[in-house]
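*Asks:* Sequence:
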Amino acid sequence: MTHVTLISMDIDLPSPAHILKSRQMQVVHLICLLIAILVQHKLTIKNGPNLPTRETLLKRRRVREELLHNLSNGGQCRQLIRMSEQAFKKLYVILRRDGGLRPTQRMSVEEHVARFLHIIGNDLRDTFVSWMYRRSKSTTSRCFHRVLRSVIALESLYIQQPQGDVVPKEIQEKKRFFPYFKNYVGAINGTHVRVKVPNRDAPRYHGRKGYPTINVLAACSFDLKFTYVLTGWEDTTSDLRILKNVLNRDDKLVIPNGRYYLVDAGLPHSTILMAPYRGVRYHLKEYSTRVPQNARELFNLRHASLCNAIERAFGVLKRRFPIIRIEDRDKDLEDENPIMNKQEPIVNTGKKSLLNWTEHMDAAFVDAMSKPDAVALKTKKVAHFEQMLVLFARDRASGENAETAKERNVRFNNTTNIKIESISKVDSLLASNDVRLENQRVDDDEDDIQVVSPTPEQNSSAKKIKLVDEVEQEVEPQPQPEPETFETKIMNAVSDVANAMREGNKIFERAYHHELTGDEIYQELQPMGLEAHEIPGALMYLARNQADARTLFTCPMNIRKDILKTMMGAGCI
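Quick note: the sequence shown, position 444, residue 444 per UniProt numbering, numbers continuous.
Check before you lean on any hint, since a few could be wrong.
[Said to hold, decoys possible] Now the in silico label distances, taken between C-beta atoms and shown as ranges:
hint	residue 1	residue 2	range
1	LEU57	LEU284	49 to 59 Å
2	ASN122	ASN499	53 to 63 Å
3	GLY569	LEU33	49 to 59 Å
4	ARG296	VAL166	27 to 37 Å
No wet-lab data here; the hints were simulated from the structure. In this text, all values refer to a predicted model and were calculated from it rather than measured experimentally. Note that the Cβ used here is the ideal one computed from N, Cα and C, for glycine as well.
Sequences are here, hints too, so could you generate the full structure?
*Replies:* Put into structure tokens, the structure is as follows:
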């Protein structure tokens, strides 16, 4: 007779009563921990900011709808965003059709453009616009940059350099300009736009203004349309250096053969640039009381009249969009300037005073450079110039941020990493997650999933921001982990404790085996196919040998009968 022998090891195990008491203490500790967490969570909600209710969300939406209604139909569009209702509607249609601007789940294209125009048309801060539209500041910032990219994407449609094959109408229709200026295609000049830069870069952007600015060089036609714009050069950069860069960069200023641009006295005269006569009256106000006396003065007068187009273009742009207008906040210091006010000393007010560079200073500098002693300094070699250049290279203008709209579009297309769902995926998302006020998050405007729909009227020649790849080449986006909420953390903690208790139960069962009752043994013997007279003997045997019973009932059903016969002996069944 063969028996399966179980070898028991001498293990010092705690008593069942001790284990039961330990498990009860663990449960009590878990309950106390959950109560403490819930109480702390309620106190945090009570003492923290109140979460918006459904009525608050509806009120915010009504405020936004009222603002957009006033812009489109209320007659307040020109006062609020500096353009008419028709121009506003046409603008957001063009941005959607040609600029690639798309609505998000909770924000239309119309609201995108309206918020953008509120900021640039009134020089408003993100905080105020966020309060006005009842949105978060981060959403306002993303909205602004999204529209800005779409506007820059229209560069190829609206900023086009002249071909020079047609005489401008402003010259052809006026006898004082035609035929003398028939080969001129536009005017070039620069302007300063105030910017905010890190403190480490501030010296490069502090020029003759009392604050950091960038030097913007632009060319325009005589009908005040910009044909070329280069931004990003530091204020300390000279106009000549910027002009040289404009004529040699990738997206350069193209001047047709036999054509010229008008420039003021700050830029040199060359075969493609026409500057006025130097040492002769030039500015228009100088001819208000005295007519030209000779041919050079007459040329300068008509040159100034045409070249004034670029100044007028800058003026119209800055009056329409005050965000780029430079307000002289230190105007009072001009009266204290020693050159302007007969060498009177500057009064120290106890605050940090900034000296503004003025036209009088320019005149004084030119007068000093025209003296014989000063002229000799132009050709004098500066000792240790290379070493000084290395020493002060950090404060020297580099133009590393200078770029045109076309170059910026190329950079956006190469570096964009905006993850946009395809239209099919967005449809399935909206079908599975109905967006309502009842299930909106507290930050109801933070979801910026953009809805991309095909537009058959889209202009193929327009340069658009590449937001998504072709559908055939679309790569499945990587799933992003969702942030854990308070309820999720509680459920995870309870699940961890439950798993630990389940593992403890398994260890407890392995250490202290469960005693099988007669009914449990009988229920397990019935499906084994034993004869009726064999069941009582097998039941008595397994009841006396609990280890054999546990081993038998863990085996597959089809071999249990054979194993039972082996345990009890062939003659016993």
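*Asks:* Hint by hint, note whether the structure agrees.
*Replies:* Evaluation of the provided hints:
Against the hinted window of 49 to 59 Å, the Cβ-Cβ separation of LEU57 and LEU284 comes to about 58 Å, which satisfies the hint. About 59 Å separates the C-beta atoms of ASN122 and ASN499, a value consistent with the hinted range of 53 to 63 Å. Checking the proposed 49 to 59 Å range against GLY569 and LEU33 shows it holds: the Cβ atoms sit about 56 Å from each other. Hint check: ARG296 to VAL166, Cβ distance near 29 Å, so the stated range 27 to 37 Å holds.
In terms of the numbered hints stated before, the structure departs from none.
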